[in-house]
Amino acid sequence: MVSLLRNQKVRNALLQVLYVGSLAALVLAGIVIARRNLAEQGITSGFDFLYKSTGWDVNFSLLPATANDPYWWFFLIGIINTLFLGSVGLVLATLVGTIVGLARTSSNELAQLLGRTYVDIFRNIPLILQVFFWYAIITHLPTPRAAHEALGMFLTSRGLYVPFPNVGGIAFAAAILAVIAAIALPIWIGRTSRLSQPFGERLGIQLAAAATALTTAAVILALGRLPDLPLLDFPALQGLNLKGGLRIPPEFSALAIAIAIYGGSYIAEIVRGGFKAVGKGQMEAALSLGLSPWRVFTLVRLPLALRAMLPILANQYVWLMKATTMGIAVGFTDFFMIVALTINHSGQTLEAIGILMAGFLAINLSLAAVFNRINKAIALKGNQLRG
Amino acid sequence: MTANSTKPHRPAVRLENLDKYYGTFHALRKVNLSVERGERIVVCGPSGSGKSTMIRCINRLEQHNGGKITVLGTELNDDVANIEGIRREVGMVFQHFNLFPHMTVMENCMIAPMIVRKRPRAEAEATARQYLQKVRIPEQAMKFPGQLSGGQQQRVAIARALCMRPQVMLFDEPTSALDPEMISEVLDVMVTLASEGMTMICVTHEMGFARRVADRVIFMDGGEIVEEAPPEEFFTASRNERTRQFLSQVLGH
Amino acid sequence: MEMVVVAPPAPGRLENLKRRFFATPLQALLSLISLAIMAFIVWKLLDWAVFSAVFTTSGGPEACQAAAGACWSVIAARWRIILFGLYPFEEQWRSALACVAVVVMTALSCIPAFWTGRRIALVWGAGTTLYYLLMKGGVLGLLYVGEEAWGGLALTLFIFITTCLIGFPLAICLALLRRSELPWISRTTGIVIDGVRSLPLISILFTFAIVLPFALPQWLVGDKLYRVIFGSALFFSAYQAEIVRGGMQGVPAGQEEAAMALGMSYWQRIGRILLPQAMRNALPATINQFVISFKETSLVVIVGFFEILASGNAAYGTGEWRFAYVEVYAFIAFIYFVFVFSLSRYGAFLERRMAVGER
Ligand SMILES: Nc1ncnc2c1ncn2[C@@H]1O[C@H](COP(=O)(O)OP(=O)(O)OP(=O)(O)O)[C@@H](O)[C@H]1O
Ligand SMILES: [Mg+2]
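The listed protein sequences correspond, in order, to chains A, B and C.
Numbered by UniProt numbering, the letters in the first sequence go through residues 1 to 387 in order.
Numbered by UniProt numbering, the letters in the second sequence go through residues 1 to 253 in order.
Numbered by UniProt numbering, the letters in the third sequence go through residues 1 to 359 in order.
By construction, these hints were calculated from the structure, which means they are not laboratory data.
Every residue, glycine too, gets a C-beta built ideally from N, C-alpha and C.
Be aware that one or more of the hints could be misleading.
So the derived label-pair ranges between C-beta atoms look like this [said to hold, decoys possible]:
1. A:ILE180 with C:ILE33: 27 to 33 angstroms
2. C:ARG345 with A:GLU201: 49 to 55 angstroms
3. A:ILE80 with C:GLU62: 42 to 48 angstroms
To give an idea of the interface, some chain A residues facing chain B are shown, with a C-beta separation under 8 angstroms as derived from the structure [claimed, not checked]:
4. SER3
5. ASN7
6. GLN8
7. LYS9
8. ARG11
9. ARG202
Sequences and hints are given; from them, build the entire structure.
Listed below in structure tokens is the structure:
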């Protein structure tokens, strides 16, 4: 027996069985105990509750929602809210980060100082504090009656009111897709056609693509507009409140601003790192070929820096998506807050936690998949390069 | 070490029909070798022929897949106590020194006697000084490995192995990572060690060293021991075609 | 012979300035824009925070609200609740002393002389014990104060140090299991680590605070504070484990082989050879992780703890200081900034120093 225990193979097998077994036992025991405790409170486990109506409402939704809708619909709304806030935050943070990062890499010392101060300040203050701060600022804005107005927009303590087209939901979504295509297509064409193609020809194709997409958007909007209403719906004061237009609630704005500013400070560092990773030799080579500084930047420095940034940027985007869970601090109904509310109201604890994990796993994995594709597509071919 | 000390004949290291696979690659094919106590063996052969693999099996840095390894009378098998016992009695010197960079030379030499052999600090220190003296660098004791030259590092590595007072020493190309002018200072130490009767198995391409100290030279190729002979015979009257080809390459340049 | 030394004419100060900031029209434009932005922000900020600000409590909230600038009187009136929460008023010196103990402990761990496993464990053990005794009392004639009364900065620091204290050893265990040669152990650990890393911290804190009591036997449920600390430590360790593993991958395989050849056992190899070198490799990333973790302790406000953010909300949220939220948040932001900025500067310094040391 003792000699058996001293045997390396026996030991290894035993250790593995013990480790995996005890972990599995721990999880199982937790589930069994939880089911018993929940059953005592009259909660039957299972996913049937997904089809019951919730009895409570959400304060922000891109899809129609009422208290009569079932739980699964609310989970969907939550995921879409998370993705929506995440993408808005992601775009804004990238914008901020690019500007600050470029300032930090510029040859101008004053611009460098400005960028550095920005990063040093906003990176070192917790995101949630920044969310609280912006939320307090927005909710302390004047009431609708005393609101600031500019270009038909109202900035009030109840949120930002902007003009919105009187267009059916689906048509509006389609028009947005067309506008995105108008931006994406020329970039894609620029990427796929090589330099060796004549420049004028490429520009023509790009312009044509953008114009087509934009026209499509306009046509969709014109066809989808609601009859008997003006094309644009302007918010206007009625009694104590503003009516019409689109209201962007303070919860959403506070989160989006905070994520843009905080995330921007991280992305700025990534941008700077990417530019730093481009070898001096490459740039000197390009300059010595007689390329103008601008073309050196767009043809050599930027493409190489982008390749260096992308993997780190991918991690940062995943982090940004997870940061939307701060929504619960100010009452924005993101995916996590829906899960928390579900647990509160229905008591379906285990199922809700399971859905939460599955949801975030799915978000993480799909983001990772997208970035892997991009990474592979733009990776430098071959492995024979030096320095 | 164990019961069969009644047997009159007990070689220090004995490999019988040793087989080793890396995945599907057959790295050692039925290798047989017996090394007597006090014997000095030099192993040579072309790159990838399995020299390192063979001596790394002796102290189980690699696990063999077939055959039998007996070291100092103890069979090397899955028994953990046997493995640790054998490693205590077998010292090894590596091509790339593998000194512990976060410890001083002195600490490198003291750590194993103290924590493996459980020797008191004072004794471990005295042993370390003695062996550093022997490899001729007592004055470097308080330096860190990163502050020494390659040759000095390799001599420290030898001293570190000797501090465990091993009965068998394994050398895996101890000089091939060194600049030419440092090779001789390491070889000198090894020659001294040989003259004191240490059991040694050296993988090396230093043919001068082989001629001077080896009792037997072993030539390996393709995972097999192709030839085994005393040095005079090996260098002058080799029967094997592959050996002669190898020798002409090593000695020719 | 007469030596003729021709020195180039020393550039005047104006010349120098011109070369640095106005070399080309584009540079000049950039400089001017940056300068304008800076001047605007600095002026606005100074005016708000200093020139037009009210510093004394004498006028009361009303006078303060009327002022054009910042109302720092709210800090003067409410700093105790921000720093110490609802800790009994006469005992707050203990809270302050406990915070000092944590700061000293952190400062000591930044000194290389303390970077051995035993010494660092000693410093942290002593610091945490001291903190705990001071805060909790009940011994040495100190009044007993339960955890539910802890709050403010003191609670934030407590959550941070206990997270590290539990999370760090856990991270090393996870990293060792992750790199185990036994496939089932490394694979299972990998799933656990990746699973935790794919979840947002808030969801983990929420699970540990609110959901876990259902899944634990009664005797194991314990205090909510310690459950949340454990959740936060688990999250920390999942990230730190990958950092430690990265550090281990930086240690050449020959190191372990040499240790094996000397007859060292698994734990001797790990403790004496592998970990000391791996931790050194992982040091900059580790400090970065500490920085992130310190910022993230602020999230416990969501599961209902009275740490510095919640006490800040309370400091302006009730009664007459309602208008002074910007000042309160600025104060808390400043406290976080001091801790986080100095720690991350230290990390950057170490990274530079190590990069030089390698050459
Ligand atoms: N860990 C490993 N995994 C797979 N194959 C290996 C491994 N180690 C060695 N081999 C293969 O086993 C064969 C023998 O290797 P070994 O290192 O023993 O050769 P060697 O005689 O020491 O050569 P050299 O003179 O170059 O050191 C080689 O073909 C090598 O590619
Ligand atoms: Mg070899």
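How the hints compare with the structure:
1. At about 31 angstroms, the CB distance of A:ILE180 to C:ILE33 agrees with the hint of 27 to 33 angstroms.
2. Checked against the given bound of 49 to 55 angstroms, the beta carbons of C:ARG345 and A:GLU201, roughly 52 angstroms apart, stay inside it.
3. Between A:ILE80 and C:GLU62 the Cβ separation comes to about 47 angstroms, which falls inside the hinted range of 42 to 48 angstroms.
4. For A:SER3, the interface hint holds, since its Cβ comes within 8 angstroms of a Cβ in chain B; the closest pair sits about 7 angstroms apart.
5. Below 8 angstroms, beta-carbon pairs count as interface contacts, and A:ASN7 has one with chain B at about 5 angstroms; its hint therefore holds.
6. Below 8 angstroms, beta-carbon pairs count as interface contacts, and A:GLN8 has one with chain B at about 4 angstroms; its hint therefore holds.
7. A distance limit of 8 angstroms between C-beta atoms decides the matter here; for A:LYS9 the minimum to chain B is near 5 angstroms, and the interface restraint holds.
8. Interface hint status for A:ARG11: upheld, as the beta-carbon distance to the closest one in chain B is roughly 7 angstroms, under 8 angstroms.
9. Restraint check, A:ARG202 versus chain B: the minimum CB separation of about 50 angstroms is more than 8 angstroms; hint violated.
In this structure, the one hint that does not hold is number 9.
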